[in-house]
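S.K.: Relying on the hints, combine the two individually framed chains into one complex.
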Amino acid sequence: MISLEHVSRSFAVGDQQVYALRDISLDIAAGDYVSLMGPSGSGKSTLLNLIGLLDRPSSGTYSLDGKDVTALNDEEQARVRSEKIGFVFQSFNLVPRLTAAMNIELPLILAGIPSGKRKARVEGLLKDYGLSDRADHRPDQLSGGQRQRVAIARATSMHPSILLADEPTGNLDQSTGREVIDLLEILTEQNVALILVTHDPAIGGRARRQLHMLDGRVIG
Amino acid sequence: MRPIDIASFASHSLQSSRTRTLLMMLAMSIGVGAVVVLTALGEGARLYVVNQFSSLGSNLVLVFPGRTETAGISPGMLLGQIPRELTMEDARALLKSRAVSRIAPMTIGSSEISYGPLNREVVVLGSTSDLLEVRHMELALGQFLPSTHEGEPVCVLGAKIRHELFGNASPIGKWVRLGDRRFRVIGVMGSQGESMGYNTDELVIVPVSAAHMLFNNSGLLRILVEAKSRDSIPRAKQDAESILLARHGERDVTVITQDAVLATFDRILRALTLAVGGIAAISLSVAGVLIMNVMLIAVSQRVKEIGLLKALGASSSGIRTLFFTEAALLSIAGSIAGLALGEAGVLTIAKAYPSLPVTAPWWAVLAAMGTALATGILFSVWPARRAARLDPVAALSGR
Ligand SMILES: Nc1ncnc2c1ncn2[C@@H]1O[C@H](COP(=O)(O)OP(=O)(O)O)[C@@H](O)[C@H]1O
Ligand SMILES: [Mg+2]
Numbered sequence: 000m001i002s003l004e005h006v007s008r009s010f011a012v013g014d015q016q017v018y019a020l021r022d023i024s025l026d027i028a029a030g031d032y033v034s035l036m037g038p039s040g041s042g043k044s045t046l047l048n049l050i051g052l053l054d055r056p057s058s059g060t061y062s063l064d065g066k067d068v069t070a071l072n073d074e075e076q077a078r079v080r081s082e083k084i085g086f087v088f089q090s091f092n093l094v095p096r097l098t099a100a101m102n103i104e105l106p107l108i109l110a111g112i113p114s115g116k117r118k119a120r121v122e123g124l125l126k127d128y129g130l131s132d133r134a135d136h137r138p139d140q141l142s143g144g145q146r147q148r149v150a151i152a153r154a155t156s157m158h159p160s161i162l163l164a165d166e167p168t169g170n171l172d173q174s175t176g177r178e179v180i181d182l183l184e185i186l187t188e189q190n191v192a193l194i195l196v197t198h199d200p201a202i203g204g205r206a207r208r209q210l211h212m213l214d215g216r217v218i219g
Numbered sequence: 000m001r002p003i004d005i006a007s008f009a010s011h012s013l014q015s016s017r018t019r020t021l022l023m024m025l026a027m028s029i030g031v032g033a034v035v036v037l038t039a040l041g042e043g044a045r046l047y048v049v050n051q052f053s054s055l056g057s058n059l060v061l062v063f064p065g066r067t068e069t070a071g072i073s074p075g076m077l078l079g080q081i082p083r084e085l086t087m088e089d090a091r092a093l094l095k096s097r098a099v100s101r102i103a104p105m106t107i108g109s110s111e112i113s114y115g116p117l118n119r120e121v122v123v124l125g126s127t128s129d130l131l132e133v134r135h136m137e138l139a140l141g142q143f144l145p146s147t148h149e150g151e152p153v154c155v156l157g158a159k160i161r162h163e164l165f166g167n168a169s170p171i172g173k174w175v176r177l178g179d180r181r182f183r184v185i186g187v188m189g190s191q192g193e194s195m196g197y198n199t200d201e202l203v204i205v206p207v208s209a210a211h212m213l214f215n216n217s218g219l220l221r222i223l224v225e226a227k228s229r230d231s232i233p234r235a236k237q238d239a240e241s242i243l244l245a246r247h248g249e250r251d252v253t254v255i256t257q258d259a260v261l262a263t264f265d266r267i268l269r270a271l272t273l274a275v276g277g278i279a280a281i282s283l284s285v286a287g288v289l290i291m292n293v294m295l296i297a298v299s300q301r302v303k304e305i306g307l308l309k310a311l312g313a314s315s316s317g318i319r320t321l322f323f324t325e326a327a328l329l330s331i332a333g334s335i336a337g338l339a340l341g342e343a344g345v346l347t348i349a350k351a352y353p354s355l356p357v358t359a360p361w362w363a364v365l366a367a368m369g370t371a372l373a374t375g376i377l378f379s380v381w382p383a384r385r386a387a388r389l390d391p392v393a394a395l396s397g398r
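As they're listed, the protein sequences go chains P and X. Going by numbering that gives the first Met the number 0, 46 is the number at position 47 of the first sequence; the sequence numbering is gapless. Going by numbering that gives the first Met the number 0, 289 is the number at position 290 of the second sequence; the sequence numbering is gapless.
The shape of chain X in the complex, shown without the other chains (with noise of 0.2 Å):
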C-alpha cells in the first residue's frame, strides 16, 4: 500500500466510527490541554516571582536582624532572647565596605494620615534619600528625601495616597498629619504598583529619624545594601558580615543576596512546574489505556474486515500499519485539538489575571504533544498487532 492510501483508507475509518473518534479525540485533548494550562500556570508563578525580585533593585544584599541557622537554631532564640536590633549606626558602617556602593535602611509601621477633613490608614516607610536609587523607584513629583537634614519632618507621598488627598491638586510643600505629627509634602512617587508586598502607590516614605519617633523604636526592618556591580556581591556580603561581626561581637545577622533568594524560588517552582505537569501527563497515559481499550473493540468490531482485507492482499505487517496509522492520525488529531483547548485556557487565565504572565513554556507543549502520540501510539502496539495476527478464515467465517 501507497502511504497516501494508508492515511486515507484509515482515516476514512475512523471519519466511519464518530462518535468513537471523538470521544478518544476528547480524553486525548483534555490531557494535553492540562499539561498546557498547568505549566503555563506553574511557568506564571515562576516568572512573576521573578519579575517581583527583579523589580526590587539590582546587585543587592538583604541584611536582617536575627540569625536564621540553615542547621539548627541559635542559642539566643533558645532562651527567648529577641536578637539584637540593626541601627543606623549599622547601616552607615555598611558604607565602609569598598564592595559596597550605596545602602538604604528601612524600618515599616503603620500610622493615619490626615490632610484637612481627610483621613485614613498608611503603611509608613522610614528610610533614607539612597532608597530612591537602590530599589529603582521613580518620582512623579518634587524631590526625595533630602541626604542632609536627616531629622526634618519631610515626606513623599504614594501615588495613590497623593490622589486620595489631594486629587489632582500639587501637594507639595503642604502639610500633613501623621499619628500626631505634622509633615511637609516635598514628592510624590511614580505609580509602579506591588513589589515585594509592598504597594508603593499606598506608602508614605520618611526620613528614619522621623519614623523612629512616630513609632517610638530604634531599629531597622532590613538594610538594603547595593553591591558595586554584579561580581562584587559576595564581596559585598562578606563585608556586611564581618563588619557586623565586628560591630555586634557574634554572627547575629542574617545576609543573603537577592540572587540566592531567586535562584531558590526559582529552583522551587520550576520544580512545581515540572510536578503538576508530570501529575497532568499521567492523565495522558489515562487517555492512551481508553485508546487501546477502544483499538481493541474496534478490532473485535472489525474481525471481518481484517479477513476479507488479508484474501484481498494485505499482509500482516499491512493489517498492522492500518491500524497503528488509525491511532497515530487520532493522537495527532487528539493533540492538536489539546493544544488549542490548552491555549485558549491559558488565554482565559491571562485575561482573568493580567498581572500573571502565564504561557506555557515550549518544552511543556513539546512533551505534552509527545507523550500524546507515544501514549497513542505504544497503546496501539497490543490492538494491531493482535488484528495483524487474526486467522483470516475464521476472520471471515466470524469463528
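Next comes chain P alone, as it looks inside the complex (with noise of 0.2 Å):
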C-alpha cells in the first residue's frame, strides 16, 4: 500500500544542506502493524510526515495504493489526508476552544459530511473510546489520557487506511500510556496500517514489524 523509492528528505540550513532522511525504501502492506525506533533526531517525525503528505520528499517517489502521490497537488492532497490518513501526536493537538465532541467532529466537518451523519458518527466514537460523559468537555477540563483518546477517535472518525502516531505516549504516564497503545493495536485488526515512534523498546517491541532508523537511515 505505501511504497517508498530512494526517497531523501534535506534543509536547507544557512547555507548547508541537512539530510533528515537518506535514501530509504520502505514497503508497508495494508493493515500492518509497524513501530520505528531510533535516536532523537535520526528522522522519525520527518518520514512519518512524509507518508502523511504533510511534507513533500527532496528526491525519490512515494506512491500510496499503486499511486505518485507527490505528484499531486495541494488540494488532492488534502483529500488523501482527509480520506486515507489519521493523525495522533505526542502533545495531542485538540483545538482548545472546542469541545471533545467537536474536536472529533473536525476531519468530517472538513471533509464535508453533512450534519446528521457527524453526529451520530462522532456519538459513536464518544461511546467506543468511553468519552460519552465528557462529550461537551473543553480539552483543559480533560484528563491527558482522556485527551489522547478524543485524539484518537478524531483521527479514526473518517475510516483512514493508515494511522500515523509520532510518540503518542510521550506524554503519558505509564499505565495510561499502555491503554492508548491497546486502542491503537485494536484498530490494527481492523485493517488499518499503523504506524507509531516511539522512544520506549517495550511498547516497540510489541509491533508485527520493528524498524530502527539512525542518522536518516532505516537500518533494519
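For the record, the hints were derived by calculation from the structure and aren't laboratory data. Keep in mind that a hint or two might mislead.
As the list claims (entries may be wrong) - Partial list, derived from the structure: chain P residues whose beta carbon lies under 7 Å from chain X:
1) Met0
2) Asp22
3) Asp73
4) Arg80
5) Asn92
6) Pro106
7) Leu109
8) Gly111
All C-beta atoms in this analysis are idealised placements derived from N, C-alpha and C, irrespective of residue type, glycine included.
M.R.: Printed below as a string of C-alpha cells:
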C-alpha cells in the first residue's frame, strides 16, 4: 500500500544541506503494524510527516495504493489526507476552544460530510472510546489519557487506512500510555495500517514489524 | 467544507476571542457610523437650503442694484461709486415684459413699533400688494397692502408682533406708531417662520412709499420678479436686463434666477457632503488596517491550529476561505452595528435640531457598508494567504 523508493529529504540550514532522510526504500502493507524507533534526530518524525503528505520528499518517489502521490497538487493531497490518513500526536493537538465532541467532528466537517451523519458518527466514537460523559468538555477539562483518546477518536473518524502516531505516549504516564497503545492495537485488527513512533522498546517490541532508524536511514 | 460549516466554524472562532472581535467591530462601526452621520448632516444642510429657497416663491427672478461681475470688478466700483439705485419706476417698467406676471419691490429698514405702553424693535419691509402672491405668503387676519392708494399709512403685522402688542385681541383698525408716524393695522400675517434670513413672524409690512418716508430714502433693496411660467424664466431674466439697460444706459444691476442660486448651493453642498463622507470613509480604511493587523496576530496565534487543520484534511484554499470568512463576518457585523450607531446619531441630531431635515442618503449608507465590507475583506487577503501558506509540519511543531 505504502511504497517509498529512494526517498531523501534535506533541509537547507544556512548554506548547508542537512539530510533528515537518506535514500529510504520501504513498503508497508495494508493493516500492517509497524513501530519506528531510533535516537532523537534520526528522522522518525520527518518520515512520518512525509508518509502523511504533510511534507514532500526532496528526491525519490512515494506511491500510495499504486499512485504517485508526490505529484498531486495541494488540493488533491488534502483530499488523500482527509480520506486515508489519521494523525495522533505526542502533544494531542486538540483545538482548545472546541469541546471533545467538536474536536472529533472536525475531520468530518472538513470533509464536507452532512451534519446529521456527523453527529451519529461522533456519538458512536464517543461511546467507543468511553468519552460519552465528556462530550461537552473542553480539552483543558480533560486528563491526558482522555485527551489522547479524543485525539485517537478524531484520527479514526474518517475511517482512514493509515494511522500515523508520533510518540503518542510521550506525554502520558506508563499505565495510561499502555491503555492508549491498546486502543491503537485494536485498530490494526480492523485492517488499519499503524505506524507508531516510540522511544520505549517495550512498546516498540509489541509491533509485528520493527524498524530502527539512525541518521536518516532505516537500519533494519 | 460546506458553506454553513465554514460560517459556523468562523463565527465560533470569532466568539471565542471576544475582546478582539468586539474591538474590531467597534473600529468598523465607528467608521460606518461616521459616514452615515456626516453625510446625513451634509444632506440635511442641502435640503434646508433648498427648502428655504422654495419657500421664497416659485419661478422667481431677483433683481439687485449694482453689478456683480463674474470676472473682475466694475469700473464704477473701482472709483468708489455707489451703484445707481433701483427705483419704483424701474420696478413698474419690468411689467412691460410679456414673460413677467407680477413684481414685488422690497425695501428694508428697522424701526421701533409701539402701541399704547408697549413697544419693540422691528424690521420694516416696504412692498406692494403683489408681494403676498409672489412670496407665497399667507394672511391670518384682515387684508394685505391695497393695490391702489399706495401712499396710505397702513401696515400688516407679523404673527409674533401682533401677539406681543395685542395678545389675542384683534388689531384690525387699531393705530400703531412706527418711528414718528402712525399706521393703521389692516392685516396680520400667518405664522410661517424663517425664510431667507427674515423671520416673517417678526416683520411689519408697509407700502413702499411709506417705508421710503419712514427711512428717508428712495431706493429698493431688490425687486422680486415672477415669471409667467417655469419656461419663461430665462426670457424674464433677459427682459429685465434689457429694460433696465435701456432705462439706466448701462448694465448696473444684477439679475439672477432662483434656479441658478439654488443650483449653485445644491452643487456646493453636495460636494461638501461627498467630501465629509469621503473623509469618514478614509477612517474606514484605517479600520481596515486595524483588521489586517489583528487578523495577522490571530494567524500567528493560531499557527498550531492551522497546521492541525491541514493534517486533518484541510487544503490551503480551505484555510484561506476560513480566515476570509472570519473577516467577512466581522465586517458584516461591524457595518450593521455601525449603521445602527449612525442612525441613532442621526435621530439624536434630528431631535436636537428639528428644523434640520437630517437623513442619511441611501447612496451614502450603501457606500459606507460597501467600503466597510470591501476594506474588511481586502485587508484580510494578506493574513488569510499567510495562514494558507503555512508549512503544516513547521506549524504543528511550533517551529
Ligand atoms: N524544518 C527543518 N529544518 C532543518 N532541519 C530539520 C527540519 N526538520 C527536521 N530537521 C532535522 O532533521 C533531522 C531529523 O529530525 P526529526 O525527523 O524531527 O527527528 P526525530 O523525530 O527522529 O527526533 C534532525 O537533525 C532535525 O534537526
Ligand atoms: Mg520526532
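S.K.: Each hint should be assessed against the structure and marked as holding or not.
M.R.: Here's how the hints hold up against the structure:
1. Met0: violated, 19 Å
2. Asp22: violated, 21 Å
3. Asp73: Because about 5 Å separates Asp73 of chain P from the closest Cβ in chain X, which is inside the 7 Å limit, the hint holds.
4. Arg80: holds, 5 Å
5. Asn92: holds, 5 Å
6. Pro106: Holds, about 5 Å.
7. Leu109: Where the cut-off is 7 Å and the nearest Cβ of chain X is about 5 Å from Leu109 of chain P, the hint holds.
8. Gly111: holds, 5 Å
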